[in-house]
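Chains as they are written, first to last, in the numbering used here: chain C, 139 to 229; chain X, 6 to 485.
FYI, nobody ran anything at the bench for these hints, they're computed from the structure. Just so it is clear, CB atoms sit at the ideal spot from N, CA and C, and this is done for glycine as well. Please note that a few of the clues may not be correct.
[Said to hold, decoys possible] Here are the simulated lysine-lysine pairs, DSS-like style, with alpha carbons at most 30 Å apart:
#, chain 1, residue 1, chain 2, residue 2
1, X, Lys142, X, Lys484
2, C, Lys201, X, Lys310
3, C, Lys201, X, Lys474
[Claimed, not checked] Chain C is faced by these chain X residues, among others (derived, beta-carbon under 8 Å):
#, residue
4, Thr139
5, Leu141
6, Ala143
7, Val146
8, Glu147
9, Ala148
10, Met213
11, His239
12, Gly294
13, Gly475
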Amino acid sequence: MSTLLDPTSELQPAQREAIPRPQSLSEKRVALLDISKPRGDVFLDHLEARLGELGVDARRYSKPTFTRVAPVDLKQQIVSECDVVIEALAD
Amino acid sequence: MLVPVDFTGFIAVVKRDCATCRLIEPVFRELMIGAALQIHSQDDPSFPDSIDDVIDERALELSYRLEIEIVPTLIQFQDGEERARLVGWKRDEWRRLTEMTALGEALPEYSPGCGSKSVEPGMPEKLAYKFGDTPLKARRVEAASQQDEHELMFERGWSDGLPLVPPTEDRALKTLAGTTRSPSEIIGIIPPDNAPCTVEKVAINAVMAGCKPEYFPVVLAAVEAACLDEFCMHGVLATTYFSAPIVIVNGPIVDKIGLNWGHNVLGQGNRANSTIGRALQLVIRNVGGGRPGGVDRATLGQPGKVGFCFAEREHDSYWESLAVERGFTADESTVTLFAGGGVHPVGDQKSRQPESLTRSLALTLRTVYHSKVFGRTDALLVVSPENMRVFREAGWSKARFREALDEALTVAGDEVVAGAARIDEGMPPHLADIRLSKFRPGGLLIVHAGGGAGMWSAVITGWAGSGPKGSVPVTVAIKS
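Produce the complete structure using the sequences and hints provided.
Okay, here's the thing in structure tokens:
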């Protein structure tokens, strides 16, 4: 039997289940998050228009750059102002 | 305590395998008559044969704790405190210390000792672990009796797809001996999990990558550089582009540890090149949690993502090195990280004038990311010795070469805007009336490397997200 040293961060967070998707967007505040990749705005413009037709409260947000994770301020703003996030991930 | 707190007398450490220990057996008998003497035998508790009560020192704990390097060693204690120590056999010294003027009268005046078993190769690390002085804090993973430890490492996801060296305590301790830094020092926060990374964790991954202890300072510097905010390792990992941290080493450490700057410099076959780059990638994988298909979203990737490290050929370069250009002195050892993609060859067998060769190199440099996309992606140009000869013979400095390259890589905006040449990709239309440079200021790195023969150079593309909003190249000094 040999003993090895764990090369990982040993964080091993418990498995977290994703929260269930909402059955409907009525009464929900929806964040439309542009990560600042090319043409993300085109996709979100379409979505915003479609959601508007459905009477959904949609709000626009954008990351300063797609290369980095969202700033904490932006994440906290979205959490405090919205219930659902739709993100335009790629070009 | 192995030595009683109030012990006054002598402790001798010996082994049967040592000719001098055997030679001075009569001395021990004489000494036992006049003083308290403990004899500890490292290899055979029945030696010396003529003395009773020899203490079995095969576990080597006393030798380890008293830092015995040579046998025989004679140590004088007073109330449990060491007062003096002799190694080997020097009759005058032994007589002076023991105050026995006729000690060893029949023996030669001098006979050298032998190496202690406690300092045989690999033994100090084993003893450090065994006797509780190990500084290692990492969780232990036990392989079951029937389990192949190599398969265990694959199953746990520690591997980049290639076999790993099992990270045992003694191997990690040997690697840690390659630096003066404390194993518990946190040297950076590793993306994407933003996990604090200790020197110890880097050592464990360096072992797995196959690094020798003397490579370890370079690995540490590479990890530190990858953690700098401006390098943006998170983005370099998470991108769909081809990027990986390319490690370029400059300075005296290159030849000290045998990094390759010559033939096949960007290829396989040199242990230092292959394992240092791999160690950095394993740290990102294992400590940072960055794995392909997870946060690593590369569409295609490239072979250099296993690890990509090489050294600049400095000794016969006509130009100042990359590190000197970046503000370090030639006698400092440094690591530069470049967020790079794959290697694109440039072949020009005919240019003998610097103007022609510069235009040739510029043609390939222009293709980085896309021939019609300017100012977005950095590049690393590796100039071979035969190509550099052209510039040397013409007396072109690196600055002059850069100036000529920049001129060759500046175009009218209307040639490269979206839709030009019937290609949708390109620069925004409002740039049509201005001249555009291919690279942002500081966005083109130039190094000299490669074997002596071959009129080739190489272009390595940067990340699509180059620049202050994404990744910029970083250089750090290598600390001992």
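Each hint tested on the structure:
Between X:Lys142 and X:Lys484 the alpha-carbon distance is near 23 Å, which keeps this suggested pair within the 30 Å criterion. Straight-line distance between C-alpha atoms of C:Lys201 and X:Lys310 comes to about 28 Å, which keeps the hinted pair within the 30 Å bound. Straight-line distance between C-alpha atoms of C:Lys201 and X:Lys474 comes to about 12 Å, which keeps the hinted pair within the 30 Å bound. The closest approach between the C-beta of X:Thr139 and any C-beta of chain C is roughly 10 Å, which is over the 8 Å cut-off, so the hint fails.
The criterion of a C-beta within 8 Å of any C-beta in chain C is met by X:Leu141, whose closest approach is roughly 6 Å, and the hint holds. Hint status for X:Ala143: holds, given a least beta-carbon distance of 4 Å to chain C, under 8 Å. At a threshold of 8 Å, the smallest CB-CB gap from X:Val146 to chain C is about 5 Å, leaving the interface hint in force. Look at X:Glu147: its Cβ gets to within about 6 Å of chain C, closer than 8 Å, so that hint holds up.
Annotation: interface hint on X:Ala148 holds; nearest CB of chain C at approximately 5 Å, less than 8 Å. Restraint check, X:Met213 versus chain C: the minimum CB separation of about 6 Å is within 8 Å; hint holds. Annotation: interface hint on X:His239 holds; nearest CB of chain C at approximately 6 Å, less than 8 Å. Taking 8 Å as the C-beta contact cut-off toward chain C, the hint placing X:Gly294 at the interface holds, the least distance being around 7 Å.
For X:Gly475, the shortest C-beta to C-beta distance to chain C is roughly 4 Å, which falls under 8 Å, so the interface hint holds.
Of the hints listed earlier, the one the structure fails to meet is number 4.
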